[in-house]
Amino acid sequence: MGLDMYLISRAKENVQMAYWRKANAIHGYFMRNCTEDGYLDSCQEVRVEKENIEDLLEACKKVKELLHNEPLIESDDGYLVYDKEHEAVVKAFETLPPEDGFYFGPIEIGEYYLEDVVETIEICTNLLSNFDFENQTLYYHGWW
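Here our numbering = 1-based position in the sequence shown + 2.
Derived from the structure by calculation, the hints contain no laboratory data. All the given hints hold, so there is nothing to weed out.
No farther apart than 16 Å at their CA atoms in a straight line, the calculated lysine to aspartate or glutamate pairs in the EDC-like style are these: (1) Lys24 x Glu113; (2) Lys52 x Asp134; (3) Lys63 x Glu96; (4) Lys66 x Glu117; (5) Lys64 x Glu121; (6) Lys86 x Glu96; (7) Lys93 x Glu72; (8) Lys66 x Glu124; (9) Lys66 x Glu121; (10) Lys86 x Glu76; (11) Lys66 x Glu89; (12) Lys66 x Glu113; (13) Lys24 x Glu117; (14) Lys24 x Asp6; (15) Lys63 x Glu117; (16) Lys64 x Glu124; (17) Lys24 x Glu121; (18) Lys64 x Glu89; (19) Lys93 x Glu67; (20) Lys14 x Asp134; (21) Lys63 x Glu124; (22) Lys86 x Glu113; (23) Lys52 x Glu136; (24) Lys86 x Glu72; (25) Lys24 x Glu110; (26) Lys93 x Glu60; (27) Lys64 x Glu117; (28) Lys93 x Glu110; (29) Lys63 x Glu121; (30) Lys66 x Glu96; (31) Lys64 x Glu96.
Required output: the full structure, derived from the provided sequences and hints.
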């Protein structure tokens, strides 16, 4: 069990446009930026605008650049993480903070976090190039 996350296009049928697994920082982004109260229940859908995807892309690019030269260290629980005291890691945390939650995965800024960021850059770039925001609607939901 874990956090499964989807972007879905609604037309005559649902079409999955993106999928993440336990990318809690990305989930947190959608909670903070696509809802009125900053909260999402499991399976609750929220509309995502083109501006949200553009903003998320820029945040992910910034985080990737910040962490580019940072060394990874092994945490007490065996994950490879960045030193949370380093200025670049603090800025990454402020830009795209992980969201803590039951089944959401690790909340450290580490290798899995950066993998999610890189994957999200690809997803957002693809959506901005290929999704028709004028005539289609995009929704986000997470399931846990």
